[in-house]
Amino acid sequence: MRRQRFRLPDGGRVDRAAEVAFSFNGRRYFGHKGDTLASALLANGVHLVGRSFKYHRPRGIFGSGSEEPNALVQLGAGPRTDPNMRATTVELFEGLRATSQNCWPSLRFDLRGINDRFSALLPAGFYYKTFMRPARLWMFYEKHIRKAAGLGRAPDGCDPDRYEQTHAHCDVLVIGAGPAGLAAAQAAGAAGARVILADEQAELGGSLLSEPGRHIQVGDGTPADWLGATLAGLAGMDEVTLLPRTTAFGYYADNFVGLLERVGDHLPGDDGMLRQRLWKVRAKQVILATGAIERSLVFAENDRPGIMLAGAARTYVNRYGVAPGSRTVVFTNNDSAYAAALDMAAAGVGVEAVVDLRNQVEGDWPRLAREAGIPVMQGHTITGTRGRHRVSAVSVMRLNDAGDGVAGDVRQLKCDSVAMSGGWSPAVHLFSQARGALTFDEQEGTFRPGEAMQAVRSVGACDDAARLADCLSAGVEAGRSAALDVGCDGAQIAAPAVGEPALGPMQPAWRAPSDRKGVRMFVDFQNDVTAKDLDLAVREGYHSIEHVKRYTTTGMGTDQGKTGNVNALAIVAQQLGAEIPAVGVTTFRAPYTPVTFGAITGSHVRGLFDPVRRTPMHDWHVEQGAKFEDVGQWKRAWYYPRGEETMRQAVDREVKAARDGVGILDYSTLGKIDIRGPDAAEFLNRVYTNGWKKLGVGRCRYGVMLRDDGMVMDDGVTTRLGENHFLMTTTTGNAASVLSWLEEWLQTEWPDLKVYCTSVTEQYATVSICGPKARDLLAGLAPDMTLDPQNFRHMSMQEGTVAGIAARVLRVSFTGEVGFEINVPSRYGRALWDALIAEGELHGITPYGTEAMHVLRAEKGFFIAGQESDGTVTPLDLGMDWIVNWTKGDFIGRRSLSRSDTVRDDRKQLVGLFTSDPETVLDEGTQIVATVKDKPPMDMIGHVTSSYYSPNLGRSIAMAMIQGGRGRKGETLYAPMPDKVIEVTVTDPIFFDPDGQRLNG
Amino acid sequence: MGSGSMADARSPLAHLDGATVIERDGVRLAENPDAGKVNLRGDAGDAVWLAAIQAAVEIDLPQAPNTSTETPPLSALWLAPDEWMLVCADGSEGDVVASLEGAVAEFHASVVDVTDARTVFRLSGAGARNLLAKGCALDLHPRAFGLGDVAQTMLAKAAVILHQTTDDADEAGPVFDIYVPRSFADYLWSWLTDAIG
Amino acid sequence: MLLIPCPWCGERDVHEFHCGGEAHITRPAGADTIDDAAWADYLFMRQNPKGLYYERWNHAHGCRKWFHVVRDTVSDQILAVYQMDEAPPDIPGRSS
Amino acid sequence: MQKYSIFSLARNALSRHENWREAWRSPEPKPEYDVVIVGGGGHGLATAYYLAKEHGITNVAVVEKGWLGGGNTGRNTTIVRSNYLWDESAGLYEHSLKLWEGLSQKLNFNVMFSQRGVLNLAHNLHDLRELSRRVNANRLNGIDSEILDAQGVKDFCPLIDTSLTLRYPVLGASLQRRGGVARHDAVAWGFARAADALGVDIIQNCEVTGILRDGDAVQGLETSRGTIKANKVGVVVAGHCSVLANMAGFRLPIESHPLQALVSEPVKPVLDCVVMSNAVHAYISQSDKGELVIGAGIDSYVSYSQRGGFDVVEDTLHAVVELFPMFSRMRMLRQWGGIVDVCPDASPIIGKTPVQGLYFNCGWGTGGFKATPGSGNVFAHTIARDEPHPLNAPFALDRFTSGALIDEHGAAAVAH
Ligand SMILES: Cc1cc2nc3c(=O)[nH]c(=O)nc-3n(C[C@H](O)[C@H](O)[C@H](O)COP(=O)(O)OP(=O)(O)OC[C@H]3O[C@@H](n4cnc5c(N)ncnc54)[C@H](O)[C@@H]3O)c2cc1C
Ligand SMILES: NC(=O)c1ccc[n+]([C@@H]2O[C@H](COP(=O)([O-])OP(=O)(O)OC[C@H]3O[C@@H](n4cnc5c(N)ncnc54)[C@H](O)[C@@H]3O)[C@@H](O)[C@H]2O)c1
Ligand SMILES: Cc1cc2nc3c(=O)[nH]c(=O)nc-3n(C[C@H](O)[C@H](O)[C@H](O)COP(=O)(O)O)c2cc1C
Ligand SMILES: [Zn+2]
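Chains as they are written, first to last, in our numbering: chain X, 61 to 1061; chain L, 1211 to 1407; chain A, 7 to 102; chain E, 85 to 500.
Just so you know, these hints were derived from the structure itself, not from any lab. Values in this document were obtained by computation on a predicted structure and should not be read as measured data. You may find that some hints are simply not true.
[Stated by the list, open to error] Simulated pairs of lysine-lysine, DSBU-like, Cα-Cα distance not exceeding 35 Å: (1) Lys190(E) - Lys87(E); (2) Lys137(E) - Lys203(X); (3) Lys203(X) - Lys87(E); (4) Lys948(X) - Lys993(X); (5) Lys137(E) - Lys352(E); (6) Lys436(E) - Lys182(E); (7) Lys313(E) - Lys754(X); (8) Lys56(A) - Lys1367(L); (9) Lys137(E) - Lys114(E); (10) Lys190(E) - Lys313(E); (11) Lys189(X) - Lys182(E); (12) Lys436(E) - Lys114(E); (13) Lys149(E) - Lys56(A); (14) Lys189(X) - Lys87(E); (15) Lys114(E) - Lys56(A); (16) Lys313(E) - Lys436(E); (17) Lys1040(X) - Lys238(E); (18) Lys207(X) - Lys114(E); (19) Lys203(X) - Lys190(E); (20) Lys995(X) - Lys948(X); (21) Lys687(X) - Lys182(E); (22) Lys995(X) - Lys137(E); (23) Lys753(X) - Lys995(X); (24) Lys352(E) - Lys190(E); (25) Lys352(E) - Lys993(X); (26) Lys189(X) - Lys203(X); (27) Lys114(E) - Lys190(E); (28) Lys203(X) - Lys114(E); (29) Lys114(E) - Lys189(X); (30) Lys203(X) - Lys716(X).
Can you build the whole structure from these sequences, using the hints too?
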């Protein structure tokens, strides 16, 4: 075993047989399994761990858990690095590599330490007062401000680890597995409740893990005995889930609590390992047993490495078997630090003195200390400290009679560590996140849980209980009553008897007096906020605690002020001459401790970010090398390049083929809704702008749907399958929203209409074939259907078989060619497609994608909802007056079409545009002006909505929405582009076969 | 429209070339595309209508939310107070539709063949509940969701119907049929595969 | 995260639902006879109260049914749930 | 006003910073003012400042129910840009952007307006088309705006994953180089201090509980600190505008929703521009302190709770990790919500109301921080002259009656 200078010869819960090698700032050290990085560093005598945010002051290990503001390190390197890790919560593993952050060139010699020299120039909020002149230099200044900011470095590659999430439900969620939480879980579990018990630490037990039990007895044994028995009991309960290494980070509405379980963080780990699991818990009852967080004392030069919380010192000694130093001074305003003094003394650490701010200390604990030979300096304070990279001495003075200043001589106490305690703040974070009210306890100077707003109870130290006996009995009671509230009334357990010394009262001392003016006393150690900064903020008019927080940044670091916030607001209260509760706390927000984005993302990464929706023929498109377009979640074939073809060449070929021979398109993404009921036609009359009552069975009709504000929402063809039965189609993107739109009107506005709507989008694969040879192609595969133009007219439907598959065939067209839309059950989509392709070989069949489809429809001047229309366009704007039936009665959106703005005749209207150079294809989104000016601004009268090269016309075509466009046919307008102005002529938007000859051919 | 005759039916996971069974760590996941499905809507408050349905297909429609009934070879899943999904043997959906349509002709009701709109993933084994919990916010504890229970809910980012068809006490452990919209099948399969680990 | 009690399916996570906004807005009948202002009132004007709120929700990823909810928009607590054809309930001790 | 500069800092350092004066006074409310502004957010404070500065109206009070900037001003993701689609919006936001340029100097308070460029990503063909439409419109309106292809995006912001393996690959982006971010709190404080120096009374912890009227005209306000008379009242209370409208007896076309944001732990600079994506829904920048500032979406329901669901934050972080895979190991430090006043057309309402002398400025929803100086400027004009500035005339309440909406939805689903 290699020597760890400050490892105590025995004691602690670490596995002394297992040695673990790690490195810190490149140096190799050893610790034990069960250590945290902090305890292992301390075991090796390393106190200097990092530099502070602003002044780059040397900082050491301050706490022993998640409250740590100081000892932040960078773990690992490359893509698997983690910035800002608290050394106090990082479990040691073989090969762990940690480095200090925010220092250069080295931790001991940090050039930016110069900031500390200039700290007089850098008080709170200094940046708001300077860097303003000359204005043009601000971006330069800012660059340097930015460089100075931040702590660790972000990872620089793809995260190699995995994360997962799980939902969980329970009767009782217990957060915190200290004595209170364990007792609660035990009681609830015994009663028969489904229990989850989560604790952020690697071991369950909370403060009991640091309790040697020299002065405390539980039942007939030690606290450790009780802990062991209780854990064993819980492990034996089927409906109790124990989650160590699991932080409850957020408490949201309706008892939804987020837990973060660190599954692999304490293991060396390989790529792809499961690192963390996020639990989304819905609890019927929650019991908070989150304990209390020790406050620091605000005294002169309280930030040197080696100065730590007394509770932390106690934990290092008892739980990790590590001495925080060889000579220590304890500084306190309450009894709890005496336990630390006693335990350190028992472990052989020289306790120079307990400096106690209180005047009279007579209780059990001070007595025990005195008995152990520890000097107690009551009514004293520390007025300053020494030591560059580690505390080397403290100055102690007597308090004056009023207690607000010092008197007498200064005494220097040599030491290499200081253990301080400013009292305990209940960890009310989650309670407050759950919107519970806090009340202020004058006696203890703490905020504690008041009225709850959700089904939640607080027990133990987080409810301000300081005695173990109270923690256990409150835990049992809460567990029992929470179980009862959810109807579990099984076995009852009783809390064990506890023998423990009495605790004397604490005495708030928010700012320890010092004999030197202007000396720095840190309140927020991470962000370098001193008591003077708080004074300054108040002096400058930042009176609200929220202003003080934001002006000084106190409590805004990665620790969120767990140890410092109460001190800060008490100091502000003093400065304002106000009561502490009147100043109030800043808002507690999730997360309790920071949560990785990865855990919040879970498995929704690497291809699972969002579903890919595939049509039944998807594989075929892939096999053919199609390029795909994302339309909503669908992948749609965009075009099918052959060989070296460019996109334009491929699309031209596809477009021409559809007009000259036969084209085939996968249209399965089309929304399809089965609509039935005696009122179906009436219903369609109300949701579409045109009339539906007279549509014959077996016939199809095109319809446009408006929102009630009159703007076009969707369009599509609907077929009457029976007297009371219709099949509606919608655009791909709107399939789901149209269905819910229909349901909404049926259920909320017209519940009297007898209509049922059922989505059949995915039931059918839809293949669209079009072109002069489409009929021949279909005829070859559908011998039982009558396809001649007289019997199978445009806008009608037939059922039969195609390629031996039962099919519904609609004769409709979105291209202006004779077209058929063949619907078959989805499982046969691919078979149908293959059959059409095989049969089509004869006719030179050409698959075309969405791009060619867009060109084809644009040649015909058909609009696309969402492209020509953008939520501000009425059917009248689109020149579709013919589709609005004013005489049939009300329909959705009708009234809006006659508002003063919608009847304006200079509204933007759909027109076609020809560029003067037929080869020039306008960019979609190009803005159009009537008059070109030398420079902006220019009056824009419209914009290009669709623009393509039309191989059938042998020129470019565009559709545009232009103010008063219909009255401008023949006018010359301009498209001013960055490099040139393009001249365009306004035309009709129907470019090809305006009389529709081909459709009826 | 009934089923096709000559042509090849293809499952939405056909591109996985048959790799549609996974067994690991106490769970078994397999695609089970072969079941007929019929969506039925009508007035549950109308006893005459209910009787007509029972006469036609010999199954009582479940009335309690989130439950199902079973009369082999049919089962009926509650989807909404006026909506059910009847699940039948593959290929028999045409007959079921025809019987139902005959029975409901005089009523305001709707019968729609949705066999191809969803495929079914059959998930079973002791680890099935935990696996589902990774993507489903429902309480899936056996006390809360048991044999015959049905839910329409989200699994990962897909809307599914969940149906427990075999009891936990059964040797194979609980069995869940997950009805997945066809176009989401590949996504959800990938997600489940990833979640199984 | 809200837990919404669907009157049919029971309590479900908010992400299964679609929020339909203010309830009990009457769509004017005889739209042709009302003026632009009255129509705008129906289309756009909302109570948006801080406190008791009568609203509509749809169990979009469940049974697809619409229903009414009374919720306090300050605490987000749901105080009542009722069907589309029911009149808004009185909430004891609260005026809207 | 005590001048702020490097020299005054140095001078004050000598006296241990004990001689700094209050940035603003905390006066008791007077019984009567010429104008009372309700709402001490950025917009309200800017309005008071410009009333005093440009219209010589200094007998003005700003009443704020809590603390200055405690509303959305203090909880937004601070994105500033002016590349809006419609002429009306472009005019208003560009006016504002021009005021941002030079604002620190005007206010003698460094609002840290940082023009580091704003990218709006496009992930599908529809996005690209809309983006081109907007950029072309911006150009012709004289607003700097350009289109980048995927490679251009990579060059400008190398951190973004532009590979085609993304579920929704980045196809391009618009870039406004003059866009950027500003320090949210400083904006409120800077305007407050400058307004105070011109004589404006800033009254915090003063909640308006009623609006006093004489027939159709406003007379003053009931507040938690007593009655305050005024013949002109400007209401700029963002998420609470419906509450105030209710006091005045009318309704607004507005719903108040939670909008959430979050910050990561601070790290050394890695992201030097603002990145916005509507399609995958993420908004992200890195502040001068080092934390990633990330905007999430709105919750679908009305709420005055300044809290939202965890699911909304989740969705946003899914998108952030998709676009920036290296951020997977970054950690969320704090999340919070604001109450945003959402208008059906995603554009604000600025102007007169049915009550004479009562003016409303609201409906900025998810995107009004960037408009703070401009909005205050035109609103001050509207109040001082009792008629709208040409730039805010189109944003009157009556557009909902006529139908002349200014629909910015198409341009940005959430208009941060
Ligand atoms: C999370 C989030 C992110 C955002 N991101 C951006 C962004 O990136 N870019 C952008 O441009 N915009 C953004 N916004 C929007 C932007 O924050 C707001 O539009 C803008 O700050 C509104 O400013 P305001 O002064 O009008 O309102 P606020 O700052 O909300 O001020 C209104 C004030 O009125 C007070 N008040 C309310 N009722 C009363 C009463 N009865 N009596 C007295 N006072 C009252 C409130 O307390 C409040 O202080 C975001 C908003 C949020 C919430
Ligand atoms: N003044 C004093 O002397 C004083 C003060 C405080 C506590 N105590 C003693 O400490 C004990 C308190 O017992 P207790 O059970 O209330 O607290 P505890 O400190 O023993 O246990 C709390 C546990 O909750 C965990 N925790 C906190 N927040 C969490 C979160 N968000 N997620 C997951 N886990 C979280 C902690 O890691 C810890 O293990 C008693 O023995 C009491 O006597 C004494
Ligand atoms: C741009 C911006 C940056 C922020 N940076 C931090 C930060 O570094 N640390 C922090 O604790 N909070 C930060 N916050 C959040 C605030 O602490 C606070 O949560 C927010 O202003 C909302 O106020 P509330 O939480 O008090 O309701 C930031 C907020 C904004 C708007
Ligand atoms: Zn439901």
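Structure-based check of all given hints:
With a C-alpha separation of about 12 Å, the suggested pair Lys190(E) and Lys87(E) falls inside the 35 Å cut-off, and the hint holds. For the suggested pair Lys137(E) and Lys203(X), the alpha carbons sit about 32 Å apart, so the restraint of at most 35 Å is met. At roughly 24 Å between alpha-carbon atoms, Lys203(X) and Lys87(E) fall within 35 Å of each other, so this suggested pair holds. For a cut-off of 35 Å, the pair hint linking Lys948(X) to Lys993(X) is broken: about 48 Å separates their Cα positions.
Between the alpha carbons of Lys137(E) and Lys352(E) the distance comes to roughly 40 Å, so the proposed pair goes past 35 Å and is violated. At most 35 Å may separate the alpha-carbon atoms for a hinted pair to count; Lys436(E) and Lys182(E) meet this at roughly 25 Å. Simply put, Lys313(E) and Lys754(X) have alpha-carbon atoms about 65 Å apart, too far for the 35 Å limit, and the pair is violated. A C-alpha spacing of about 33 Å is found between Lys56(A) and Lys1367(L), which places the hinted pair at or below 35 Å, so the restraint holds.
The straight-line distance between the Cα atoms of Lys137(E) and Lys114(E) is roughly 21 Å, inside the 35 Å bound, and the hint therefore holds. For the given pair, Lys190(E) sits about 31 Å from Lys313(E) by alpha-carbon distance, which is consistent with the 35 Å threshold. A distance of roughly 22 Å separates the Cα atoms of Lys189(X) and Lys182(E); the hinted pair therefore holds under the 35 Å criterion. Pair hint Lys436(E) plus Lys114(E) holds up; C-alpha atoms about 25 Å apart against a cutoff of 35 Å.
Between the alpha carbons of Lys149(E) and Lys56(A) the distance comes to roughly 15 Å, so the proposed pair stays at or under 35 Å and holds. For the proposed pair Lys189(X) and Lys87(E), the alpha carbon gap of about 8 Å is at most 35 Å, so the pair holds. A distance of roughly 29 Å separates the Cα atoms of Lys114(E) and Lys56(A); the hinted pair therefore holds under the 35 Å criterion. At roughly 19 Å between alpha-carbon atoms, Lys313(E) and Lys436(E) fall within 35 Å of each other, so this suggested pair holds.
Using a Cα cut-off of 35 Å, the hinted pair Lys1040(X) and Lys238(E) holds, with the two alpha carbons roughly 27 Å apart. Taking the CA atoms of Lys207(X) and Lys114(E), the gap is about 47 Å. The hint is violated against a cut of 35 Å. Between the alpha carbons of Lys203(X) and Lys190(E) the distance comes to roughly 22 Å, so the proposed pair stays at or under 35 Å and holds. With a CA separation close to 51 Å, the supplied pair Lys995(X) and Lys948(X) exceeds the 35 Å bound.
This hinted pair does not check out: Lys687(X) and Lys182(E) have alpha carbons roughly 44 Å apart, beyond 35 Å. Restraint check for Lys995(X) and Lys137(E): the C-alpha separation of about 32 Å stays at or below 35 Å, so the hint holds. Under the criterion of a C-alpha separation no larger than 35 Å, the hint pairing Lys753(X) with Lys995(X) is inconsistent with the structure, at around 55 Å. Straight-line distance between C-alpha atoms of Lys352(E) and Lys190(E) comes to about 31 Å, which keeps the hinted pair within the 35 Å bound.
With a CA separation close to 47 Å, the supplied pair Lys352(E) and Lys993(X) exceeds the 35 Å bound. Taking the CA atoms of Lys189(X) and Lys203(X), the gap is near 17 Å; set against the 35 Å cutoff, the hint holds. Pair hint Lys114(E) plus Lys190(E) holds up; C-alpha atoms about 28 Å apart against a cutoff of 35 Å. At roughly 45 Å between alpha-carbon atoms, Lys203(X) and Lys114(E) are farther apart than 35 Å, so this suggested pair is violated.
Taken as a hint, the Lys114(E) and Lys189(X) pair is honoured in the structure, with Cα atoms around 31 Å apart against an allowance of 35 Å. Between Lys203(X) and Lys716(X) the CA atoms are separated by roughly 56 Å; this puts the pair beyond 35 Å, and the hint is violated.
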